[in-house]
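Novice: Listed below, chain by chain, are the residues.
Protein chains: 2
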Amino acid sequence: MDRKLYTYFRSSAAWRVRIALAYKGLDYEAVPIHLLRDGGQQRSTDYLALNPQGRVPALLDDGVVLTQSLAICEYLEERYPTPALLPADLLGRARVRSLAQLIACDIHPLNNLIVLQYLKGTLGQSQETADEWYRHWIRQGFAALEQELVRLGSERYCVGDSVTLADLCLVPQVFNAHRFKVDMASYPRIAAIDAHLSSLPAFSQTHPSKQADAE
Amino acid sequence: MDRKLYTYFRSSAAWRVRIALAYKGLDYEAVPIHLLRDGGQQRSTDYLALNPQGRVPALLDDGVVLTQSLAICEYLEERYPTPALLPADLLGRARVRSLAQLIACDIHPLNNLIVLQYLKGTLGQSQETADEWYRHWIRQGFAALEQELVRLGSERYCVGDSVTLADLCLVPQVFNAHRFKVDMASYPRIAAIDAHLSSLPAFSQTHPSKQADAE
Numbered sequence: 001m002d003r004k005l006y007t008y009f010r011s012s013a014a015w016r017v018r019i020a021l022a023y024k025g026l027d028y029e030a031v032p033i034h035l036l037r038d039g040g041q042q043r044s045t046d047y048l049a050l051n052p053q054g055r056v057p058a059l060l061d062d063g064v065v066l067t068q069s070l071a072i073c074e075y076l077e078e079r080y081p082t083p084a085l086l087p088a089d090l091l092g093r094a095r096v097r098s099l100a101q102l103i104a105c106d107i108h109p110l111n112n113l114i115v116l117q118y119l120k121g122t123l124g125q126s127q128e129t130a131d132e133w134y135r136h137w138i139r140q141g142f143a144a145l146e147q148e149l150v151r152l153g154s155e156r157y158c159v160g161d162s163v164t165l166a167d168l169c170l171v172p173q174v175f176n177a178h179r180f181k182v183d184m185a186s187y188p189r190i191a192a193i194d195a196h197l198s199s200l201p202a203f204s205q206t207h208p209s210k211q212a213d214a215e
Numbered sequence: 001m002d003r004k005l006y007t008y009f010r011s012s013a014a015w016r017v018r019i020a021l022a023y024k025g026l027d028y029e030a031v032p033i034h035l036l037r038d039g040g041q042q043r044s045t046d047y048l049a050l051n052p053q054g055r056v057p058a059l060l061d062d063g064v065v066l067t068q069s070l071a072i073c074e075y076l077e078e079r080y081p082t083p084a085l086l087p088a089d090l091l092g093r094a095r096v097r098s099l100a101q102l103i104a105c106d107i108h109p110l111n112n113l114i115v116l117q118y119l120k121g122t123l124g125q126s127q128e129t130a131d132e133w134y135r136h137w138i139r140q141g142f143a144a145l146e147q148e149l150v151r152l153g154s155e156r157y158c159v160g161d162s163v164t165l166a167d168l169c170l171v172p173q174v175f176n177a178h179r180f181k182v183d184m185a186s187y188p189r190i191a192a193i194d195a196h197l198s199s200l201p202a203f204s205q206t207h208p209s210k211q212a213d214a215e
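So the protein sequences, as listed, match chains A and B. Those letters in the first sequence? Residues 1 to 215, per UniProt numbering, in order. Those letters in the second sequence? Residues 1 to 215, per UniProt numbering, in order.
Please keep in mind that the hints were generated in silico from the structure rather than gathered at the bench. Think of the CB as a built atom: it goes at the ideal place given N, C-alpha and C, for glycine as much as any other residue. Hints may contain errors.
[As the list claims (entries may be wrong)] Which residues of chain B face chain A? A few of them, derived with a C-beta cut under 7 Å, are:
no., residue
1, Q53
2, L90
3, C105
4, H196
5, S199
[Said to hold, decoys possible] Derived DSS-like pairs: lysine-lysine, alpha-carbon spacing no greater than 30 Å straight-line:
no., chain 1, residue 1, chain 2, residue 2
6, B, K24, B, K4
7, A, K181, B, K210
8, A, K120, A, K4
9, A, K210, A, K4
10, A, K181, A, K120
11, B, K4, A, K120
12, A, K181, A, K210
13, A, K120, B, K181
14, B, K120, B, K181
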């Protein structure tokens with residue numbers, strides 16, 4: 001297999017790319033990078049030679065290593081345009097990218113493993129404080145996301161009538177919210193869209209629990 | 001003026017969009033949103049009606065409000081393609097977006113004002129701890145960015161021979177690094193590219209110190 005995805009079953013950034021690949025029907029070999037084992041395999045010499053950013057996912061496609069989940073998804077969209085993950089119209093594309101970035105920039109980076117490690121290690125915060133920190137940024141981001149989705153009249157997808165880059169950010173983020181016991185009652189639109197998307201093969205088949213490295 | 005940019009002089013996300021607009025020669029009216037005054041004008045009822053995310057920047061273009069800095073820049077690139085802010089080739093575009101996201105996802109969200117407010121307020125951390133937190137994420141991100149730029153052979157621009165989305169993320173981030181006294185000696189490539197870019201009108205004329213709301 002020429003295409004390899006360096007992934008960790010529970011990484012939401014990796015899951016975004018797994019969904020994009022599955023949705024576009026692109027085969028790949030999954031190479032598990034365990035973010036906790038061996039002090040974090042993403043910090044191994046071998047992996048850093050491949051991806052100096054020391055994060056997952058990374059995609060090897062045609063002999064080239066690509067990094068950053070949304071940059072990889074935009075690359076896949078340009079290289080394999082059908083089925084599309086961005087609407088055809090300018091405004092729709094801007095809406096999709098804005099919602100994707102609301103999740104990928106405003107929520108997810110604050111809940112990253114290395115941030116929780118810094119809070120608990122360097123700053124000596126308790127597990128409970130770290131968990132509440134995690135929930136705080138999800139609640140803040142979801143409050144804005146919920147309003148945006150209501151304004152857009154979204155019911156089954158974030159934008160329009162098909163899967164977009166925003167959807168493949170939403171489902172992994174809701175998975176994280178459930179994992180950290182965020183009460184989803186305040187976000188009925190997010191929950192409804194998540195429920196619909198989760199029934200689609202590209203989402204269900206790439207779920208963390210279905211990965212070879214799942215624990 | 002039909003085009004309005006809701007901006008704060010010191011916001012690096014707003015500065016990215018100011019650079020994109022200037023580089024493309026697009027006029028706009030700057031509407032200052034003070035992130036600290038009045039408990040944060042981005043949380044005012046009027047602004048939240050415009051942008052439920054309660055953040056800057058937001059761009060009003062053709063009667064439509066667009067949010068999230070990189071989504072706005074991609075919109076500007078699609079709507080006003082010349083001069084380009086993305087390379088023509090697939091791989092170059094992926095490289096540019098990856099470097100932009102390294103800054104916009106891995107560094108900047110952790111240093112956002114609301115995160116520092118949470119650290120000092122809710123978690124009761126000192127100003128010194130918050131400042132060190134700020135520097136920590138810049139140092140970690142810049143170490144990876146420096147390696148990426150060296151690998152790409154970048155000297156005057158992040159990617160290729162012209163300004164891209166990666167450059168308009170880099171300069172505001174280096175400005176923040178200087179502001180928080182990060183020692184740039186370890187990042188000679190970033191510093192060299194920043195020095196070159198900072199001499200270009202689209203960057204120098206949009207500098208925080210040149211804004212009407214500068215303090």
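Novice: Compare the structure with each hint and give your call.
Specialist: Against the structure, the hints come out as follows:
1. Q53: With a closest approach of 4 Å, the Q53 (chain B) hint holds.
2. L90: holds, 6 Å
3. C105: Because about 5 Å separates C105 (chain B) from the closest Cβ in chain A, which is inside the 7 Å limit, the hint holds.
4. H196: At 22 Å from the nearest chain A Cβ, H196 (chain B) fails the 7 Å test, so the hint is violated.
5. S199: violated, 28 Å
6. B:K24 / B:K4: Cα-Cα ~15 Å, so holds.
7. A:K181 / B:K210: Violated: K181 (chain A) and K210 (chain B) sit about 46 Å apart, past 30 Å.
8. A:K120 / A:K4: It is violated: about 33 Å lies between the C-alpha atoms, which goes past 30 Å.
9. A:K210 / A:K4: holds, 17 Å
10. A:K181 / A:K120: Roughly 19 Å between the alpha carbons, so the hint for K181 (chain A) and K120 (chain A) holds.
11. B:K4 / A:K120: violated, 42 Å
12. A:K181 / A:K210: Answer holds: K181 (chain A) to K210 (chain A) is near 21 Å, not above 30 Å.
13. A:K120 / B:K181: holds, 25 Å
14. B:K120 / B:K181: Holds, because 19 Å separates the two Cα atoms, which is no more than 30 Å.
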